[in-house]
Structure formats: C-alpha cells, structure tokens
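Same order as they appear, the protein sequences are chains G, A, X, Y and E.
At the far end of the first sequence sits residue 549, using this note's numbering, and the numbering has no gaps.
At the far end of the second sequence sits residue 549, using this note's numbering, and the numbering has no gaps.
At the far end of the third sequence sits residue 549, using this note's numbering, and the numbering has no gaps.
At the far end of the fourth sequence sits residue 549, using this note's numbering, and the numbering has no gaps.
At the far end of the fifth sequence sits residue 549, using this note's numbering, and the numbering has no gaps.
What the hints contain is simulated information worked out from the structure, not anything from laboratory work.
In this text the structure is predicted, and so the values were computed from the model without any measurement.
Treat the hints with caution; some may be incorrect.
A pair holds if it fits inside one copy or across any two, identical chains being indistinguishable in the list.
[Unchecked claim] Derived SDA-like pairs: lysine to any residue, alpha-carbon spacing no greater than 20 Å straight-line: (1) Lys282 with Glu272; (2) Lys535 with Asn383; (3) Lys535 with Glu378; (4) Lys282 with Ser462; (5) Lys473 with Glu272; (6) Lys473 with Tyr286; (7) Lys535 with Leu518; (8) Lys473 with His300; (9) Lys282 with Val520; (10) Lys473 with Asp387; (11) Lys535 with Phe516; (12) Lys337 with Glu306; (13) Lys535 with Leu461; (14) Lys337 with Pro220; (15) Lys473 with Leu223.
Next come the chains, spelled out residue by residue.
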Amino acid sequence: MKLEARSWQKFARRRIQPGASPGTLAVDPQAPPPRLRLVAYGPDELHEEEIADPEALRAWRGRLPVVWVNVDGLGDVELLARLGAVFGLHQLALEDVVHVPQRPKLEAYGDQLFVVLRQSRSHGQLDTEQFSLFLGPGFVLSFQEREGDSLEPVRERLRKGRPRMRNGGPDYLAYSILDAVVDGFFPLLEGYGGQLEELEEEVLSNPEADVVSRLHLVKHDLVSLRRYAWPMRDALGALSREDSPLLEEGTRLFLRDCHDHAVQFLDLVETYRDVSSGLIDLYLSSISNRMNEVMKVLTIIATVFIPLGFIAGLYGMNFNTELSPWNLPELNWRFGYPFALGVMAATAVVMLIYFRRKGWLGGGRRRDGRRG
Amino acid sequence: MKLEARSWQKFARRRIQPGASPGTLAVDPQAPPPRLRLVAYGPDELHEEEIADPEALRAWRGRLPVVWVNVDGLGDVELLARLGAVFGLHQLALEDVVHVPQRPKLEAYGDQLFVVLRQSRSHGQLDTEQFSLFLGPGFVLSFQEREGDSLEPVRERLRKGRPRMRNGGPDYLAYSILDAVVDGFFPLLEGYGGQLEELEEEVLSNPEADVVSRLHLVKHDLVSLRRYAWPMRDALGALSREDSPLLEEGTRLFLRDCHDHAVQFLDLVETYRDVSSGLIDLYLSSISNRMNEVMKVLTIIATVFIPLGFIAGLYGMNFNTELSPWNLPELNWRFGYPFALGVMAATAVVMLIYFRRKGWLGGGRRRDGRRG
Amino acid sequence: MKLEARSWQKFARRRIQPGASPGTLAVDPQAPPPRLRLVAYGPDELHEEEIADPEALRAWRGRLPVVWVNVDGLGDVELLARLGAVFGLHQLALEDVVHVPQRPKLEAYGDQLFVVLRQSRSHGQLDTEQFSLFLGPGFVLSFQEREGDSLEPVRERLRKGRPRMRNGGPDYLAYSILDAVVDGFFPLLEGYGGQLEELEEEVLSNPEADVVSRLHLVKHDLVSLRRYAWPMRDALGALSREDSPLLEEGTRLFLRDCHDHAVQFLDLVETYRDVSSGLIDLYLSSISNRMNEVMKVLTIIATVFIPLGFIAGLYGMNFNTELSPWNLPELNWRFGYPFALGVMAATAVVMLIYFRRKGWLGGGRRRDGRRG
Amino acid sequence: MKLEARSWQKFARRRIQPGASPGTLAVDPQAPPPRLRLVAYGPDELHEEEIADPEALRAWRGRLPVVWVNVDGLGDVELLARLGAVFGLHQLALEDVVHVPQRPKLEAYGDQLFVVLRQSRSHGQLDTEQFSLFLGPGFVLSFQEREGDSLEPVRERLRKGRPRMRNGGPDYLAYSILDAVVDGFFPLLEGYGGQLEELEEEVLSNPEADVVSRLHLVKHDLVSLRRYAWPMRDALGALSREDSPLLEEGTRLFLRDCHDHAVQFLDLVETYRDVSSGLIDLYLSSISNRMNEVMKVLTIIATVFIPLGFIAGLYGMNFNTELSPWNLPELNWRFGYPFALGVMAATAVVMLIYFRRKGWLGGGRRRDGRRG
Amino acid sequence: MKLEARSWQKFARRRIQPGASPGTLAVDPQAPPPRLRLVAYGPDELHEEEIADPEALRAWRGRLPVVWVNVDGLGDVELLARLGAVFGLHQLALEDVVHVPQRPKLEAYGDQLFVVLRQSRSHGQLDTEQFSLFLGPGFVLSFQEREGDSLEPVRERLRKGRPRMRNGGPDYLAYSILDAVVDGFFPLLEGYGGQLEELEEEVLSNPEADVVSRLHLVKHDLVSLRRYAWPMRDALGALSREDSPLLEEGTRLFLRDCHDHAVQFLDLVETYRDVSSGLIDLYLSSISNRMNEVMKVLTIIATVFIPLGFIAGLYGMNFNTELSPWNLPELNWRFGYPFALGVMAATAVVMLIYFRRKGWLGGGRRRDGRRG
C-alpha cells in the first residue's frame, strides 16, 4: 500500500510547475541513469550490445531488418533527448515516457506508434512501473523505469533463432514484448488468488479482527490494478484494430490474442475484487451474528439474575420484625429461606421459559457460519 | 465454492511463464488424455467411430457432407497439434482450446469460426468446464475438458435420422451443439431456484445464523455464473450476426434463437442474484429487528428492577436507629415493610407507564417478519 | 411472492431436456386446453365465432380484410401446430409461444412480425402471464396462457363499429391489442402506489417490525415487474421503428404512443422502486434512532442507580462498629441516614448534569421522525 | 411529499380503463375549466385578448405573423377538442396534453412540433405541473394545468416591444417560453440549497433525530425532480438538433442555450442529491460515533461499580462471626471498613488503568465531528 | 466546504428572475471590476499593456499576429459588452462568461470557439473559479472571476521569446493557456493525496472520532472536483477533435496532450475518491470491531459479577436462623464464609471456562486492525 501511496503522490506531483513549457523534459532526480541495450537482428544474424552514446545507434538503423533498443532507467534527460533525435521521436511522446506515471494508452505520431502500459515488477506484492514502447519502421524502442525486466525470455527466443521471431518484422517483436508485459501480471494475480483463498478459509472458520483489514488491503490493491487494467485493455484493443502500415496482417491476429489476454487480466481483477467484497460482507455479517449471540447470552444471564438479586435484597432489609407482624413476617417463618429460594427458582424458570418461547435461546444452536 | 476457487487459481496460473513463445502448447499435467470420436453423416448415411490417430480423419474430410469430431480431454498436446494440422486450425485458436479457462468468445480465423463457451457439468452444484468449437467448411470440431457430456441427445437425433439434422450442413450441427451447451445450464439454475425458495421460506419464518452464509454461497455462485453468462451472450449474438459464407440464411434464425436462450440464461442469473441480495437484506433487517427486540425487552426488565433493588438496598443499610430518630425511621414503622413494597410497586408501575407511553413496549406485538 | 417464485421455477424448468430438438413443442401438462375465438371484420361487416378446428380458419383468410384469432390456453400442442400451419407461422416462434415464460421481444419471421409481451392478470397482486401476438398480412393472432383477458374493450369497440377500428388494417388492430396489454399494468401499479402511501404513513408515524418485510415484498414485486418492463419497452420501441410493409405510416404514430406508455410504465416502476428503497432506508434509520434512544435512556437510568446502589450496599455492610471507631462510624452518626441520602442525591445530580452537558439527555426531545 | 405522492397516484390512475379507445379525451373531473388567452403580434402590432370560443381564433391565424394561445386549466375536453380542430392538432398529442402527467418529451406530428415539459409552481416546495407546447407555422399553443404561471415576463417583453421578440418568428417565442419554464426551477433549487446548508450546519454541530427525516425528504424531492430533469434535458437537446423548417438557424443557438440550462438544472439536482446522500452518511456515522461514546462511558461506569457493589455485598453477608473465626473475620478487624474501602478503591483504579491502557477512555476527547 | 456551499447557492441563484430576456447581462454586484491586460505579439515583437477602454483594442487587431486580452474580474457589464462588440462575440457566449458558474463546455459560434473551464485558485483548499476563453482569428480572450492567476508562466515564456510560442498562432497560445489551467489542479490534488496518506496512517493506527468527518470532507471535495473534471475532459476532448480552420494540424497533437492531462486529472480524482471511500469503510469496520471488543469485555466483567453479587445478596438476607434450622443454616456453619467464597469462585471459573470455550474471550488478542 505504501508503494502505491507514493505512486499517487508522484502522480500528482508530476506537473507541479503548472504552465511549464510543454515538451520540457524535467526529470525525477531519484530516477536511475539510463542503460541502453541494443538487439539488432535479421533472419540470419543477431547482434547484441550495450550502448553508451545514442549516436552510435544511427549507424545500426537499416543495417539489419529490426533494431530493438531497450532503455532501463529514465534518469538522464539529455541522453534520452539525443536518443529521441536519432529515431525522430515526437517531443510530446518523449515527455510521456519521462513523466511517469502516465495512463496506459496508444497514440500515433506520424508513422510511429507509441504505446504506454504498466508492468508488474514483483510477483509477491503490488509494485508496478511504467512501460513505454515505440514502434517505427525498422525499429522498436522500449523504456522501463528501473533495471531488471520480464523481457529476458523474449531475448532468449531471439537468440535461439526461433524462425517466427527472426523472420518477423518489428511489429512481431513489439507484439512479443507487449504480450510478455501483459502476461507478467498473471503471477501477481495468482498471489492474490492464494491470499483470497486463505482469507476465505479464515472467514468461514475463525474470523479474527485483522481479517477485514487484510481483505481491505487486498481489495485496495485490486482497485489499483483495475485502474491500469481498463486503459491497458483499451490501448491494446486499439492497437489490434489500428490501421497502420507498420502492422502486417498476420501480426494483427497475434495482437488480437494479446488484447484477449488483457481482457482476461481485467476480468480476473474484477472477479477477485468481487470475491474480496463478498468476503468482507460475509465477514461483517458473521462477526455481527457472533456479537449478537454474545450479547444475547450475556444479557440473558444478567437479566435472569437481576430479579433474583432484587428478591435477595428484599429479605436483606432491616425492618423491625419485632415491632409489627406486617414487617417482613417471612423472615420469621419456619420455611422462610426455602420459600425465598423457591420464589427465586420459580422466577428464573418462568423467565427462561418465556425467553425460550420467544425463540431467544435457540440462536446459539448453530453459530459458526458454516453450512449446517 | 472450492471448485470455483481452484478455477480462479488455474486461471491465473495459466501463463505462469510470461514471455513464453505464443502458440506454444503447454499442458496441464493433470488433464485427462484426449479421446476422439468421429461422427460423419449425410442425408442418407451416418458413420460413427472412435479414432486413435488424427491422420485417419484426413480420409474422412469431404467423403460425407458433415464431419464432426468431438474431443474429450486435453491432456496430449501433440495429438491435438496433429489434429489441428489435419483441419488447418490456427495455432492461436488451438492454444485457446488448451489453455483453459478462456473467456467465452467468437473469433474468425480465415474461413473458420472459433467459438469458446462454458458448459455445466453437474446439475446440483457449480462445476463448469470450457467448451470450444470450430466450424469450418464441411466439419465441426468440439473440445471438452473431461469425458461425459451433454451432447448425447444431439448424437441421438443424428442417429435417428431426423431430416432437418441430416440434411442440414455443419452450421446446423454447430447450432444444435451450441444450443445443447447453453440449455445445459438451465437445470443447474433450477437447482438454485429451489435453494432460493427454501432459503426464502427460512428467512421469513425462522432465520438461523447460517442462512446468511448459505445465501452468500448461492450469490457467490451466481456471480461466477454471471461472469460466463455475459460473454456467452455476446459471443452467440455475434455468431448470429456473423457475415460468414459458412452460415446459411435458414440457420441464422436458429442461431438467433440460441442467442435468445443465452439472453434468458443471463436474465435468470441476474434475477436470482437480485433475489439472493434481497433475501440477504431481508435476513439482516429481520435479525436486527429481532435482536433489537431482545435487547429492548431484556433492558426494560433490568431497568425496572435496578431502582427496586436500590430501594431494597436502602432499607438494608445498618444505620443505628436506636441512636437517633433520623436514622431510617421507616424500619421501625408499623407498616414499614408494606410501605417499602408499595414504593417499589409504584416505581415499577410509573416506569412501565412511561415506557408504554414512549411506545417502547409495543414493539413486541408483531415480531416474526411476516405480513401481519 | 409465491406466484412469482413459481414463475422463476418454471422459467428454469422450461428446457429441462437440454439438447431436445429445437422446434419440438413440449407442453406444460397443467396448461389449460386452448380455446379459439375468431373475429373477422371489414368496414361494414363483423363476424364473431368460437372455432374448434383450426382448419376452419383457412376459409376465413382473405374473405374479410382483417382476421383476428385469439387463443386462450396453451395445453394442446397439436391444435396449436395445426393453427400454425394454417397461418404459416415459423416453428421457432410457435415454440416461443408455448414455452412460457419468454423474455418480451420483437422478431421478424419472413413477412410476419412476432411480439412477445407480458400481461397483468390481476389488479390486486402480481400475477402475470405471457402474451404473444403474430401480425401477418390480413391477420392477427394473439395467445394467452389462461382464459379471461383484458381485450374485451377492444372487441367491444370493434362490435360498436368505431370507424377507425373497422377501417384500420390488421396493424391498427395489433396496436389496439398491444396498447390494451400495456395499459393493463397501470391499475396494478396504482395498487402498489396505494400500498406505498400507506407504508409511508406508517413509517413516519408508528413503524412496526413488519413494515420492512412488507416494503421488501413490494420492492421485490417491483423488481420483478422491472424485468418485464425493460424488454417490453425495447420490443415496442423496435416495433414502432420497424420497417415492415405491414405497418402503415398512420399506425406508426399510434405505435409510438404505445411505446410511450411502455416508457411511462417502466418509469413508474422505477419511481416506485426508488420510493420503496427510500422508505426502507428511512424505516431503518428511524428504527435505529428509536432503538438508540431507548438504549440511551434506559442505560442512563441504570447507570445513575448503580452508584446509588453501591452506596446503599456500603452502609449495609456488617462491620463491627462497636469494636472500633474506624468501622463505619457513619452508622452511628445522628444524621447518618440523611447524610447517606444526601450523598446519593448529590451523586445522581452530578451524573445527570454531566450527562446533560454531554448532550446525552437532549436526544429525546424530538423523537418521532417527522418534520419538527 | 404529499403532493408528489398524489402525483404518483394520478400517474397510475391515468389509464384506469385499459383498452379505452386511443384518442379518447377523458378528463380529470377536478381539473379547472380552461381559460384561453390570445397574444397575436408582429413587428409593429400586438393584440392581447381573452378568448371564450376557440372558433374565434380561426380568424386570427395568419392575420399577424405570430399567434400565441395560452390555455390555463384542462377541465373542458370539448373546448380543447375544438381548439385542436382550429389548429389541426393531432389527436394523440391532444390526449397527452390532457392525460397528465406525461413524461417530458419532444414529438413531431406532421409540420408541428409538440413539447411536453414540467414546470415548477412554487418556489418553496415541490409542486409541479405539466407544461405542453405546440409549435406550428405561425402559431404557438401552450397548455398549463392551473392558472398562474411564470410566463408573465415573456408577455411583458412582448408588450414592451423588444425588437428581438417582436421580429422573431414563433420559434423564437417558443424558445422564450421554454427557457422561462426551465429557469423557473432554479429558485426552487435555491431553496433546496439553503435547506441543505442549514442541515449541514446542524449535522456538523448538533444533530437531532429529525435531521435524517428532513434529509430524506429533501433527497426524496430531489429524486422526484431528477425524474423530470433527465427527460427534459433530452427533449430540449432533441429540439435544439431537430431538423424542422419551423426552426430558423439563429434560433437554434438560443435553443442550444436553453438545452444548456436544462443540463445545468440536472447537474444541480444531481449535485444536491449527492450532497444530501453525503450528509445522511455523515449524520449516521456521527450519530453512531456519539452513541458508541455514550454506551462506552456509561458501560465503563457500570462496570467499575459492579465489582465494588459485589465487595459491599460480600461484607453485608450475615455469617455468624461469633461462631467461628473463619466467618467474615474482617468484620471484626479494627480497620475492617477502611480495608474494605481500600480494596474497592484499588479495584476501581486497576480497572480504570486497564481501560485507559486499552484506549477505551480516550475516545471522548474529540467528539463533535468537526475538524479538530 | 463553505466556499463550495456558497458556490451551489450562486449556481442556483444565477437566474433568479426566470423569464428574463436572454442575452441580458445581469451581474453579481459583489464581483470585482474588470481589469484588462493586452499581450500582442509576433515572432519578433511583443507588446504588453494594461487597457482601460476596450475600444483601444480595435486598433491592435491585425497589427500583430496574435492579440491576447486577459480580463480579471467580471464586475462591469457595460465594459464587457463593449469588449464583446470589438471582437464580435456572440451575446449568448458573453452571457455564459458573466453568469458564473457554467458547466465546462466547448461551443462554436460562427468562426469563433468558446471554451468554459474551471480553474483552481488555491493549492491548499478547494477554491475554484470559472475560466472562459474565446479563440478567434488572430485573437484569444480569457476571462477570470478574480485577479491573480496561473497564467504568469505563459506570459513569461512569451516574454522570453520561446520560438514555438512566438511563432505559433493564437491556437498554440490557447493551448498553452488551457494546459496551464488544467495543470493548475495537480498541486491541489497533491494536497489531497497528502491528506489521504495521513488519514490512512491514522485509520490504521489510532482512529479518532473526527477521522470520519475529515474523510467525509475530503470525499465531498473530491465529489465536487469530479463534477468539473468530467465536463472538462469532454470539452477538451471535443476541442482536440474540433474541425475548425482556427486549429492547425500541429497544434492538434498538443491539444490531444492537454486532453490527456484532463483525463489524468479525472482519473486521479476518481482514484482518490475510491481511496477515501475505502478508508471510510475501513475506519467504520475498525471502529465497530473496537466497539464490539469494548462491549464484549465489559459485558463479560458485568456478567461474571452479577451472579456473584446475587450469592452475596443471598447470605445478606435476614431470615431468622434461630427460629428454624431451615433458615439460612449456612450462616451458622463453621466454614460458612469460606464455603460461600468457594461457591462464588467456582461460579466465576465455570462461566469463564464457558466463555472461553465459546471463543468470546479470544477476540482481544489482535485488536488493532493491523496486519498481525
């Protein structure tokens, strides 16, 4: 929750100097410096290299069918601006790459397509970062906020020379990357699924007071995920329908499949959210049932004893019995004490019968919230 | 609920190796091995056979007007891939068949239509599996996760040589199959209808604490069903409007009818969901009414006796009455005790009158939550 | 509620043999046998007759401009099939007539229009049945589940020879019938309006525990009505826009008016539903206010007396005052008793002042939930 | 609320004879008789007159560019029918004028436009009536349920000879009238705004039990207003886009502005509704906080004194201390009484420390629901 | 909240004379007098001047490529009317400028575009005012309610002669201004983000009674912001798609970016609203858990002591033990007192065991609503 909270803050802080010139690349001073990694390939050749100066990439453009530059870290604005100049990126798009977080979206700038998604950084907790991708003629650029990514399997497939990858154009590469980014959310969701199963178990058997807080935290995370999932679905749907010469007809089917995964991601988030809401409701009504039962039983005990206590108090009064036969004559009866005990027992029995008839004693029979 | 919980898990686990090559057919190791069953027929002829090797099907294509292969079990990826090769299925579609669960959908791959639905496996509890169907020129392929299906009546109609079935093309067969799958949900819904009726009876007469858990379970199942029902309705609606040469004009009316059934299925699920929500609300307010009444009556008893107890305590004090006429002179009155009893009775009566005037004693008259 | 509950059940049971051949006319064994009633008319002539054999109708087709056959009861499938053959009804439409309940809808089959609505059978309680209507060239067929209908005024207008009716074609007759069916819901709604007014009165003045159950029942009925009202509105809207040669331009304005009535019906249902929800909320908060007040006043009484009781108990202790001057010397004071009473009075006053200052005693001033 | 309740009733009662011939002008017997008022004008001339016989209006049609007849009261159906005949009104539209209330709407009948709105009759409470308007070539007809209207400022502007009014055609007049009707709701809304401000003040400072009823009443009124506001917005939006030769291009901008006002009206109603819902929630949680605090403090007092009372009761037992040294030896101790008082004080202190450590005594610090 | 409350009021009061002639410029008497500020510029020249008489602007039109007049204060209607005459503004648009608040919108009047937005006046609290902008050939007019604005950075960029600003036409200037207005909301949102973080901290650690009021206030503000955010998004989206010759193709990309910011603004408002709702729910369930725990522990204490008190009362009765061996013989037992104490201890232990077995004593283990 903390991570995400910081993310809200950053979101709002993004443009703290309203009226700043658009296209100005201001940068988060804590962002790590960029690390550029080139993969250029064709059906028969593959070249992989770490690049220090973006100008070096100019030579690679066109030499091989597909040039893929992956950038980890957004901490050096000048470097990114020079990279943008090499590939002719639009200033506004570059601004969106740097000013994280952006809403996931697809935008066309001239002959380039620009896609913003989010990617999951961790399988155990909600920790996401922005993922930006440019698809242009002969090249793919991908930008990530921090090092360490989920694209290694894609590189591995390229290195192994899988024919569909090596023969495919940059559009197929872009698809492979986007698909990996979307699929990266599923392990995270599996984690939430496991947590929900555990919490369900607890709610049904032995709900503790902290279950509801944990459910709220899970639901809170799912609401955050949902905020990304909706626009991601829309962006990928738009991409699969995009009428651009960059996209070959064969790749379009794959993009539709990727859109499908985004739909399933959203679907699953919505399902888990419903499940967590349902569990919160179930917890609350189970707690309330239990509380009601506690109160009822305890109040019944108290209520039965209060009249009995009153009777005991009555015979504890100090009226002068010697002075008058009207004053507490029971105290001097031979069976006064048994009589008093009898009255008390009778009172208790009558009240218990009354309560049972009203059905107030029956509520305790099934009390655990399970199927009977 | 357990079954469905496992289904969420599987859903998320589906693509646990993000970045895996698309079109890779990974398989659930616990899935049963496939069993292929061929039904080939024309107006005058019907051939039924269990097939071991998909290659054997190549010979059947075109020999009779309609070739229907039903596959039970998805546990042998290679076999399915060979089957896909025989009928020219797209790799991505085949992946969707194997990677269950998919969201119900309709997709066109070249001249083939690919439909994903869910089917109900049981009439008594929520147990569903994926149902996939390919409709191509001259053939229908259907895939189910486990053996045992609801298509036996369709085969029976084919065997009996019903003219509309035997003269119809593969599109009419596909309609018959999809209709059987959709209709397979109605007995399940009838079960929920019966449960809701029973639960309504209980809520109105004698609500136990576990009613709300059972209502939550029913509502939970209905929410799950709703997740399938929406996209099934959309997929069948799209199919009935699909502009494909595979669908004859006459079959389109039948597909519209099948879509209609899916709409009714969704409608019924929504209705039951509303009913269960309404019953939960009714239960909660009835429980709360009852609890309030318990608390009120019990508190009234306690409150009446507390002042009486105080008076008794007053005359149980041990002030020395001999020392001074100011100390508890009532103790030495001739009618001290009757006087004390009188004061107590007066106090009780005054309080009861006050309570009655405030209307706090009247709530017990009608307490059972029925129409009076 | 019972009636509607049974209706859910029937709804689900409708297709209990999934996979049954489409177009098979299975029939509810308890449905009453059909009764056919012919009204044939032109501008100058009107013929009314009860028909036993549908074949007899063949002769009437075309003899007069408009042939109207009304069928009450759906219990004889064969008879209905023969009727369908006479008028060339599509098998699927006929199936929808028999397999009640269907969702209200408009469908076109060739040159015929097929409308399914629901009609109200009773003005006092929610009791509806399916109403189906075929509009074809020169004929109108209407189907009702049971005898007794709301179409008598339409027949009366025909018999009286109202020119617009007698000169109008089958489309005008169909409009008149549909309008009567829609308008048949308004008296029922008036009943709910009256109930809601009464319940509002009760909630504001003297809410009993059963008010909420009755409100839930009304709301439940309104939710059921809403399920019919939405698709009825859509079906009639589609009809008024339907581009069919059967509908004359002049009739279209009337159908738009009929659609308008359906919109008002839906509007009223929604309004009543909002009103009942609002009353439930108001009841709950009024009950809760009242309960809070009860608890508060009672607890205050108890709390004030508990310390007093403690003081009385203090002076009821039996410490040996003769042995030592430290043991309860107050008991031997001259004004010990008045002193004790004074301490009690002071305690009570201090507590009451404290409570009043906290504002806990002021809540009782306005307690009835009315405008002050 | 009463007025509106009656309005629901009338709404449902409107068509209590289902099947009545459409276009039949039935009339509410309590409706006041119509009063017709003619204003005919051109750029240089204005004629104002009260009309008894609609036939007299025939002569006025065409004599001056614009003829405006306003009708107050709908109690004489025949008169209205004759008026309809003079201007060629469609029977169904006339029926909608008389059968109040209708849903606000725009309808085109031949070359005439027919608009139904609602107008506010009072600025202090929710009291609305139907307002119907016909716009035809050279004439405007307006119908109101009762006398007394908000159109006097429009007449005043005509009389004063404002050029835009006098030169404008009937479309500009219709715009002026509709604008006045829509704007007539704003003073009413201002009243609700004032009430909500007062209620907000009360909720934040000193919530009484009746605040929630008053909030419910305001919300109820706003929900009713919303029912009119939605279709009014739609009707005026449709009018501003209507492609009719009656509407000049210049007037269209004004109608768009009028539509804008309807949007703002709806917006304001929605805002107030949100505000009232928020206040109800705030009230409920503030009441619940307060109640919790009351219960907590009172229960703490009771709980502290109950063990003390028990100790006092212990030493009030009458065991025979002379018989055995085991029987209540404390009673004969020299410092027995101070010892007992000390035990009591220690018990009370321990319990209070325990409560404070649990944080149960701290809740009373800030209790008024304001910003601290 | 006060500010916004006043804003509702003004909103309703806006047209308090229904039927007033449209285009009449009535004015809020408390509005400050207008202050006009001219900035005229071209690529090489920039002229800045405060203007007293609008007529003076006539000379500037066309002299330089872009004329920007900013008006602070709407208190002098005549002046504004003369300004409108100079630039040919439509009367209705001018009316919308003056009659604040209007709903954010885009409207086309002839060759001019008219945009209404809201702008934030303060970063610490919700204080907004209307911002109106006219874009015409060669000029931009902006209107603000009060002095002091967020446009200073835009002027600064003009003065510094940034080429894109100075070479851009009035459309680029309009974009810069609108972007500054939208971005002006982000610091305000950051403030709410900070408040929510603090409140979250409090809810999780030590919730006070006023947390919920503060959460309600934040949520209330966010609901108000949402009312502006939706139409602002729509207006800016419409502007970016507007097909007007005023907008150059290059500027359109920038307007799309500005629309994007409005989408993010709305997104953030919705997120914060969800967060605040979630925190309110969490607070309520945490308070309710805590209250339940208090009540439970306290009730248990009371319940254990009530039977003990009863026993003590029993042996405080004054039955005459000398008269009969049946009367309270325990009082004269040698070990009567230890016996009584033993009975009490046994009772207490039995009850505590019973409570523990029921699980009513275990709820106190984790009570703080944190992750365990």
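Right, here's what the structure says about each hint:
Taking the shortest Cα distances, Lys282 and Glu272 sit within 20 Å of each other inside one copy (14 Å), while across copies they are farther apart (27 Å). In this assembly of identical chains, Lys535 and Asn383 lie within 20 Å of each other by CA distance solely across copies; the values are 11 Å between and 29 Å within a copy. When the C-alpha separation of Lys535 and Glu378 is checked against a cutoff of 20 Å, the pair qualifies only between copies, where the shortest distance is 19 Å, while the shortest distance within a copy is 34 Å. When the C-alpha separation of Lys282 and Ser462 is checked against a cutoff of 20 Å, the pair qualifies neither within a copy, at 41 Å, nor between copies, at 37 Å.
In this assembly of identical chains, Lys473 and Glu272 lie within 20 Å of each other by CA distance neither inside one copy nor across copies; the values are 64 Å within and 56 Å between. With identical chains, the CA atoms of Lys473 and Tyr286 are never at most 20 Å apart, being 69 Å at best within one copy and 64 Å at best between copies. In the homo-oligomer, the alpha carbons of Lys535 and Leu518 never lie at most 20 Å apart, since the shortest distance is 26 Å inside one protomer and 30 Å across protomers. Within a single copy, Lys473 and His300 get their C-alpha atoms no closer than 46 Å, and across copies no closer than 40 Å, so neither meets the 20 Å cut-off.
Neither within a single protomer nor between protomers do Lys282 and Val520 lie at most 20 Å apart by alpha-carbon distance, with minima of 81 Å and 73 Å respectively. With identical chains, the CA atoms of Lys473 and Asp387 are at most 20 Å apart between copies only, with a shortest distance of 17 Å across copies and 24 Å within one. Proximity of Lys535 to Phe516 under the C-alpha cut-off of 20 Å is found in neither arrangement, the shortest distances being 29 Å within a copy and 35 Å between copies. For the homomeric pair Lys337 and Glu306, neither the shortest alpha-carbon distance inside one copy (28 Å) nor that between copies (36 Å) is at most 20 Å.
Proximity of Lys535 and Leu461 under a CA criterion of 20 Å is satisfied inter-copy only: 18 Å between copies versus 26 Å inside one chain copy. Taking the closest pair of Cα atoms, Lys337 and Pro220 come within 20 Å of each other only inside a single copy of the chain (11 Å); across copies the shortest separation is 52 Å, beyond that limit. For the homomeric pair Lys473 and Leu223, neither the shortest alpha-carbon distance inside one copy (76 Å) nor that between copies (71 Å) is at most 20 Å.
Against the hints set out earlier in the document, violations occur for numbers 4, 5, 6, 7, 8, 9, 11, 12 and 15.
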